[in-house]
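In the order they appear, the protein sequences are chains A and B.
Just so you know, numbering that gives the first Met the number 0 puts 100 at position 101 of the first sequence, and the rest follows in order with no gaps.
Just so you know, numbering that gives the first Met the number 0 puts 286 at position 287 of the second sequence, and the rest follows in order with no gaps.
It cannot be assumed that every hint is accurate.
Heads up, the list lumps identical chains together, so a pair's fine if it works in one copy or across two of them.
[What the hints assert, rightly or not] As a list, the in silico SDA-like pairs of lysine to any residue whose alpha-carbon atoms are at most 25 Å apart:
no., residue 1, residue 2
1, K192, V35
2, K192, Q295
3, K38, M347
4, K342, V301
5, K192, G118
6, K342, A37
7, K38, D93
8, K38, R92
9, K342, T200
10, K342, A280
11, K342, T34
12, K342, Q272
13, K342, A40
14, K342, A253
15, K38, E308
16, K38, H90
17, K192, P106
18, K192, T175
19, K342, R278
20, K38, T344
Since the hints were derived computationally from the structure, they do not count as laboratory data.
There are 2 protein chains.
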Amino acid sequence: MTAEGVPAGELMAADIAEQPRLWRALLARRAEFATVAAKVAAHPPRFVLLAARGTSDHAALYAKYLVEILLGLPAGLVSPSTMTAYATQPHMRDVLLLVVSQSGHSPDLVRTVETGRRGGALTIAVTNTADSPLARAAQLHLDVGAGTERAVAATKSYTAQLLALYLLVDHIRGRTGAAADRVPDLGEALLAKADLAPLATRYRFAQRMVLTGRGYAYPTAREAGLKLMETSYISAQAFSGADLLHGPLAMLDAQIPVLAIVPSGVAGAAMEQVLPRIRTAGADLFVVGSQEAVAQADAGFVLPPGAPEELSPLLEILPFQLLAIHLALIRGENPDAPRSIRKITDTM
Amino acid sequence: MTAEGVPAGELMAADIAEQPRLWRALLARRAEFATVAAKVAAHPPRFVLLAARGTSDHAALYAKYLVEILLGLPAGLVSPSTMTAYATQPHMRDVLLLVVSQSGHSPDLVRTVETGRRGGALTIAVTNTADSPLARAAQLHLDVGAGTERAVAATKSYTAQLLALYLLVDHIRGRTGAAADRVPDLGEALLAKADLAPLATRYRFAQRMVLTGRGYAYPTAREAGLKLMETSYISAQAFSGADLLHGPLAMLDAQIPVLAIVPSGVAGAAMEQVLPRIRTAGADLFVVGSQEAVAQADAGFVLPPGAPEELSPLLEILPFQLLAIHLALIRGENPDAPRSIRKITDTM
């Protein structure tokens, strides 16, 4: 029980539980995405830049995969300091600049949008706060509609960002996001059966962890790591499966559990080269993913089948969000209010 | 003493010691960079993409800052899996694709170059192996000339990549890289006086670390973290100073030392918002950087003044390379030959 009389973890649990309902609400607003996509089509971009911080940066990374794979366009994640601290004015003609932020508040992202506009980019703010400086600074705005997030660690705003970015990209390529229609039901089924408390016991005394995934599942690894850092203060490092083999693999031993995201499809198949190396290093392997992948791990969480691979990240992150709560609680922490950080972070 | 009769750490120490001499040799070959830059000027790029893995990916990240700040062009780091596992063919007209690799061998990077060429990009391979599949696949090639690296962990090939990428970008903007002429002397002075053994004693029992920097110094934080992971098996996490505040800060306490890169100039000034938050979290703070920044930390290493900020990364990484050796040795490991990994890593 915290000072406010709310049992520790209840705010975050409530945020998490809301997600399938919020996805449905977002899908019902797809006309807004069609409108924005039509404006993008009037200035077809040749290059897509994304800018974000923290959890939103993982949604931006997901969008980078969508842009590269579904639109076939080159894309990049902006280093905001180049436009803020270094005050450069890049040439941005034919660039679509997507800026993703829960609060819509951080001065460095507002400055990035302003710089992008001056340089000739078409700018879209994707925020959870319609009346925010970022939403006002960009030419176009999409509200992810996750409502007030009561826990400090972002959960429902993250998956709402993922779905909003998917709907935007799918509309830009002339579709309607219909592939997402089943995902809220799958999310509800997943949450109804998920019991992550035993897994929290398994990792109760772990100080270090490695998370890994490839392709669309790599942003999940990054975001899962951040949740575990924020709520349970674990040194949770995320690597793409390929990057893990280029050096960090040396660090692995039986004391560092590896949590891998291995869904059905291309992202999971691309991990086939990686998982045996993790096992050879002696690490304990937990898999969130397909039945087949989980069967080959020390422990795992099976995702409900039926989501197309590009929408699997909405489901993959759910068990990690729940694990973050249980792990924080069993370690004596309050996941709703991590030390040292606040809900809105302003960086320059 | 290892099986080969070479005292542990001597190979890596020899690689490290060679660096200033190799930088001089590279500077003497600047005509090659002028030639390649002239070919780039014949097809002026509007976007720059970079692809790399492991240590080379940190050199690519450095180049991304160079491109954004010195050329004012939008840039992005390619996710190779989009072209390999997902087999997309992006539109690459007006794109300059720089692929950086020590060995020039990894199949995913060769495939990335081939895909880039088919898509209309101008491709440049930056490798340490002139006769390599990557060098042959790209239209243009630059040899960083670091010679055979005998330790598994990359050191001299990294700073040679940094300098080669700097020379390329500086020539593309119509200059000759003259600002780099003093850097070999500065590197020699630094290595002559550097004694990192006491610092290894300080961190002997640390299992977790955080490295941080902003702007041009952020790639240094990433590469320093990788060296410590590879040779000393520490969970060394690197964050840009701004990203650290968006969540991971919660993880910090007195048990997690923070190693910050705070050079003179913009990158150092941009850390002013970050360092007090690290101190408030109770973390032990070590600084590599300017005299003023080191004076405010618990411990530090002062960089010799005189390098322009964009070349400071060549110097910043040197104390971390040395720390990686000493720390591995005091922990009973052989930094020349980390467990589980090989010199050449092929990823698909």
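Against the structure, the hints:
1. K192 / V35: Neither: 37 Å inside a chain and 59 Å across chains, both beyond 25 Å.
2. K192 / Q295: within (21 Å within a copy, 52 Å between copies)
3. K38 / M347: neither (30 Å within a copy, 38 Å between copies)
4. K342 / V301: neither (31 Å within a copy, 36 Å between copies)
5. K192 / G118: Cα proximity of K192 and G118: none, with 49 Å in one copy and 46 Å across.
6. K342 / A37: Close neither inside one copy (34 Å) nor across copies (49 Å); limit 25 Å.
7. K38 / D93: Both, since 13 Å and 24 Å are each at most 25 Å.
8. K38 / R92: both (16 Å within a copy, 23 Å between copies)
9. K342 / T200: The answer is neither: 28 Å in one copy and 38 Å across copies each exceed 25 Å.
10. K342 / A280: between (38 Å within a copy, 17 Å between copies)
11. K342 / T34: neither (31 Å within a copy, 51 Å between copies)
12. K342 / Q272: between (39 Å within a copy, 17 Å between copies)
13. K342 / A40: Neither, since 35 Å and 47 Å both go past 25 Å.
14. K342 / A253: Between copies, since 23 Å is at most 25 Å while 35 Å is not.
15. K38 / E308: neither (27 Å within a copy, 41 Å between copies)
16. K38 / H90: Classified as both; 21 Å inside a copy, 21 Å across copies.
17. K192 / P106: neither (41 Å within a copy, 41 Å between copies)
18. K192 / T175: Neither. Shortest intra-copy (30 Å) and inter-copy (64 Å) distances fail the 25 Å Cα cut-off.
19. K342 / R278: Between copies, since 20 Å is at most 25 Å while 38 Å is not.
20. K38 / T344: Classified as neither: same-chain Cα gap 31 Å, cross-chain 44 Å, threshold 25 Å.
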